[in-house]
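Starting from the structure of chain G, add chain H where the hints point.
Chain residues, written in single-letter form:
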Amino acid sequence: MASNISPSALDKEQIFGMAEKEMEYRVELFNKMTQTCFKKCVDNRYKESELNMGENSCIDRCVSKYWHVTNLIGQLLGSGRPPM
Amino acid sequence: MDKSMLADLDSLPEADKQRMTVMIDQLQIRDSLRMYNSLVERCFNDCVDTFKHKSLQKQEETCVRRCAEKFLKHSMRVGMRFAELNQGAATQD
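Read top to bottom, the protein sequences are chains G and H. According to full-length UniProt numbering, the residues represented by the first sequence are 1 to 84, in order. According to full-length UniProt numbering, the residues represented by the second sequence are 1 to 93, in order.
Extracted from the complex, chain G is given alone in its bound form (with noise of 0.2 Å):
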């Protein structure tokens, strides 16, 4: 069956599959974000359905810094060097 698919078909499935793979990481990692800043944003006693101004502030710090320590530690690891 190998010799029936075209190199450029072969090329296609690892594309897709590349695809796909980048897809299902930036939903996990939309999700994982989500998730690790509403536990540590918002009071869990609520009081109120809207988010308060506190809580809205810290979201927004709290995705930048997400966003800065999953770089930093893709570099850390993408680098070859051991975890310091």
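Calculated from the structure, these hints are not laboratory results.
Keeping only pairs whose Cα atoms sit at most 25 Å apart, straight-line, the calculated SDA-like set for lysine to any residue is:
1) G:Lys21 x H:Phe82
2) G:Lys32 x H:Gln26
3) G:Lys21 x H:Ile24
4) G:Lys39 x H:Glu61
5) H:Lys17 x G:Tyr25
6) G:Lys65 x H:Leu72
7) G:Lys40 x H:Met35
8) G:Lys40 x H:Val48
9) G:Lys21 x H:Val22
10) H:Lys17 x G:Ser8
11) H:Lys17 x G:Glu24
12) G:Lys39 x H:Phe44
13) H:Lys73 x G:Asn56
14) G:Lys39 x H:Glu84
15) H:Lys58 x G:Glu50
16) G:Lys40 x H:Arg66
Showing chain H alone in chain G's frame:
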């Protein structure tokens, strides 16, 4: 999931576009179900502590509603900030 993924599909041949659309739809369904499950777990854990009754009490129901509403608003806000970061926009500290 953000719409920018869908915008990139326009340049693809029809069959590939169809395949990518199916992939995104499946991912979206899976993601929605996962969010549903995790939201139930979170709000239950935060709002239900006593088991003197088997039916949900008024206070518990109010808490669950607020928990869910707050999470959905939170998720929307995170989505906006996430999109900004993806576009490389500078944000203030």
